[in-house]
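Participant: Here's the letter readout for the chains.
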Amino acid sequence: MGQLTLSKLRKSFSNIEVIKTVDLDVEEGEFVVFVGPSGCGKSTLLRMIAGLEEATGGDIVISGKRVNELPPVKRGIAMVFQSYALYPHMSVFENIAFPLRVEKMNEADLNTKVNEAARVLQLDTRLKQKPGTLSGGQRQRVAIGRAIVREPKIFLFDEPLSNLDAALRAEMRIELTNLHKKLGATMIYVTHDQIEAMTMADRIVVLNFGEIAQVGSPLELYHKPANTFVASFIGNPKMNFLEVTCTGAGAAGVTVSLDGSGEAVIPVAPHEDLVGRTLTLGIRPEHVHLGSGDLELAFTPGVIERLGIHSVAYGTVGSSGENNFCGLFHGTAAIRDGRAATVGINAADCHLFDEDGQALERQIELSQADEALVDHTAA
Amino acid sequence: MTSTESIVRDVATEDTPVVPATQAPPRTSDTPMIDRYGPVEKALLYAGAGLFLIFILMPFIEAGLVSLKPLSHLFSRPYNFFPENASFDAYVTMWQSVPLLGRYIANGLFIALVQTALALLLIVPASYALARFEFPGHGLILGGFLAVSMFSGAVLLIPLYRLMRTFGILNTYWAMIIPGTAFLLPTGIWLLRTYMLRIPRELEEAAWVDGAGRFYIFRRVVLPLAMPGVVVVALTAFITSFAQQFIFALTFNSKSELMPLSVGLFSFFGRQEVIWNELMAASITGIAPVLVMFVFLQRYLVAGMTAGAVKQ
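Going line by line, the protein sequences match chains D and L.
Numbers 1 to 379, taken from the working numbering, label the letters of the first sequence in order.
Numbers 1001 to 1312, taken from the working numbering, label the letters of the second sequence in order.
It should be emphasised that the hints constitute simulated quantities derived from the structure, not laboratory data.
Quantities reported herein were computed from a predicted structural model and do not represent experimental measurements.
The hints are all genuine.
Listed next, with one range per pair, are the computed distances between beta-carbon atoms:
| # | chain 1 | residue 1 | chain 2 | residue 2 | range |
| --- | --- | --- | --- | --- | --- |
| 1 | D | Ser-38 | L | Met-1033 | 34 to 40 Å |
| 2 | L | Gly-1213 | D | Gly-132 | 23 to 29 Å |
| 3 | L | Leu-1113 | D | Thr-133 | 35 to 41 Å |
Using N, Cα and C, we set each Cβ at its ideal position, and we do this for glycine too.
Chain L with its partners taken away, still in its complex shape (with noise of 0.2 Å):
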């Protein structure tokens, strides 16, 4: 056999008068989708939007603002919505009513965070192979997910205690992360597979005749490309762990140095009264790292919920 060279030299002497990048096709139109719509129509859309957005975030603006707000103030008549001698000083008084607050936050991002990656080690073969291969029990495997993430983990209360009591794990990380994690598993495949199947299954045999083995396959060129769906499920586990721990952690644990905060705000609860508004300040402060970690991944969020074809 010629060279390499020789090969392909005459092949592409002429090149071929390619359409350069510059001129990529023109699209319909560039104008924004929102530009489309008259001004009453646009004054509709966003006030439909506003009426959600009111209705999704009233109980947290309500929060902030009792946060915000003196004890005294929070039952006085006629309640005052907007507090009138705001301070932030609830935002310091709490950390010394509940000394174990800052373990709590740290519990709770903890179990959520081991949690997701237990949930990602599982869910990304598994959605990959039930991409990709067909084998007996495939459907009933997948019917079976979508059957236990009908169930709410409370239905399950009393036989997962029993099991846990057995494994003797009561009040330890695991009873809250196990279970905690199984129920991470259907939604995860779910959505994982879906993005799988999207990806060519060409690119995988293309790889398979140039003698790449399937875990080369898998690592070299299904993950890098599911990549965006990795992301988006993480995030879901994400946040579906840390706002649905309470449930476990407060059956499966009673040593308050494991609590997570959502089970550490009871600490607020006094035999006379409810510190409401350090309770605020409390929820609030514990929910911003998560806050502040989705806007700076929420755009993978978007473009995972999104992507088209990963085909060219």
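Extracted from the complex, chain D is given alone in its bound form (with noise of 0.2 Å):
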């Protein structure tokens, strides 16, 4: 039992089920974050926890006790809004002071609190003026501000940098991380952006139309999807989906037959009755390399991205002219629009999902493509 613990969690407005039964366990400590395109929820989601909507079915229970009933302040939390959600018309002392003056502080105390907060947070100088006047990092530091004086157990934060531009945004991924390493408080973030999620989680719980489709840590959902929505939803370019059947299945993995490319054994837990199903086999782009491989295509890209460090080509596979492929190969590659090129991709590289989207499991050791689960003081 974790910190935090939602279980057969339920929100409906008006006979839409916007969260359909969702599970949870968050430990202290965790940063958890809530990923997923629009409309999937995950914003419902951190507001029920919040205490801001109301639950439909349900149990919400922080640190042991339900609180479901309970108004946002008694259940230990902060959250930070995606607007910041300052308050223009004072000052940035009072605005950090804001839950301060609430709990009705001695000014003492409430000035020691804020001004050390302020003097950390780099905004000591800007303590006067309001928050019009400072940019959108500063805001959003404020913000951060005001959620830390509270001291609360859990912090929420509600797509935060998403008012950033991208350079900002970027360091701001590194100071909250910084913020979370130093706080040891658990985190819950919600973003639609999957480097973020990536970025910064200990563990990413994917959201897709109001249901979780996949929990786990980073490099967990980018080697195993559990699915071809959590596949695509994760990793950029997206993952390629090339229809193929099942011929044979054994130990070794599933044998599929890929149309006009011959033959391969995927290294996947098979299930049983699989032979002569269609299936979908997935190949991420970063996967797909110039020349020959245990699956050989003919690919015409169609238009090229050169990033330097990168090309990305998207176009067409075989003669069918409809499939869309990406690859994504070293910045010099020898691709060019409309000539077709053969591009090989390794068996060991390749998802394969049933006709359902579910994946059969990959025989992939995690310890082998996560860094952090390597053991380096055995060697």
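Dock the two chains into a complex; use the hints.
Facilitator: Shown next, in the form of structure tokens:
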């Protein structure tokens, strides 16, 4: 049982189910990111934890106590909003001091706390200014300062970086990760940006249409996506999907045949009764390479984006002419638009999904993929 | 949990290279709109504005000029628009002709001020509730207010008179204040509700999460942000009540010491003649305090009417 437990949590707005039975355990000190496309219910879920939305069914338990009916302040949470929600008529000092004023903290303690937070957030020279005169990054820090002074058990972030430009976002990501390390508090962070999810999270919760599609560490989601949704959502450019037919299954994996490219044995755990079925083969663009491989495809790029470090090519494979296929090659790859090239993929890099879009588990040790799981001291 | 200091120290050790305040993004153009027109267009714009102004201000100009003329010149033929031997005599003699004039002016201002204060007391919470809370009959109430504001007070004079008589407040200030206040509510509520709808909900949610109660949020967050809107509503309420107190004052009050200026002006109507120059002088003197107030407050009016997003 974790610090925050959601069990059978549901939410509907006038007959429309926004959250359909969510179960989740969050350990103390974890950085959990809710990610998903817009409208998947991630913000609603966060607002339910915060106490800004009522749950239609199920329980929210924080530190062993059911908090469904408690107001936000009694739940021991603090929230940072997407628009920062700073009070424009109050100075930075008063903004940060707001929760303490509500608590009716005495003036001396309040001053100490606010000044301390401001000094380390490098806002001490700005305390008398109004939020309107601050830059986006500074406003963000004021919002964080307001959350910190209350010393909550759980921090909730609702897309806090989406209003910043790309460069500032990258820096705030690092600041937030540092903040999490220093605080050791539980943080729940909502974003639609998979980069933020991958870089900051201890665990990612991928949501789709109000349901949890998969929960796992960033690299677990990358290497072992549970279904086609997670497979295409995590990773950029998106994973390619090809239709294949299963021709055999065994201990070494599942043998599939791809039209015009022959057969390959994909190292995944087989289900029963697979032979003869149509399956979906997933291959990430970064695992497509020029030349030969376990499976070879005739790839005709339509658009090539040269990024210097990489070349991203979008085009068609085979003769069908409608398959959207993407390959990520090195920066100087010898490919040209409109000219067919042979690309290869390795069976070990492939993902395989059944007709329902559920993954056949890849036979890959995560410790091979995730540096964090490798025990360096043993060597 | 570590102390706040250590928490945040590393978060912000390297300051983000934020854009300094001086390097605000350049505006598309700093040229005022008016400078983008050619001379002919400008001349036409000013001519149009001038035409409107003359149309609106002519009665005031005429009133001002009449107040400066001796009474005998008013009916001279041919009529002189501009006074020949102008004097401010009427502004002095009017106080003798109508000794209660000062009282009338004070009454008018008093009634308008009390009406405004009462109206605000009702409008501010009502418009907040109608802007933020969904409750049964929400739309009906708003529609009802709109419908009521389509009636003029004159239609309701007789039922209102009976009501005042039942409560026994005929010939008191209340008889003029209460119905006047009621008619200020619909416009005020609609105006302020629209303004309050523009205050981002997230601000209130943030305060709610931080433990503030409804009234605390209202007082510390909503009200300060709605202040420009409240000022606009107060000003329009004051103008309306000042300008429209005539009908209720005439009908529900017959005590001359309670009369506001608009009714009190009838004292200049003698049996034989109307002292037009003093009447005009009294009118102008009566609206002068309001006029002066507006010179100082009009920037709020403009700012409130055009205020953009409260959200940053």
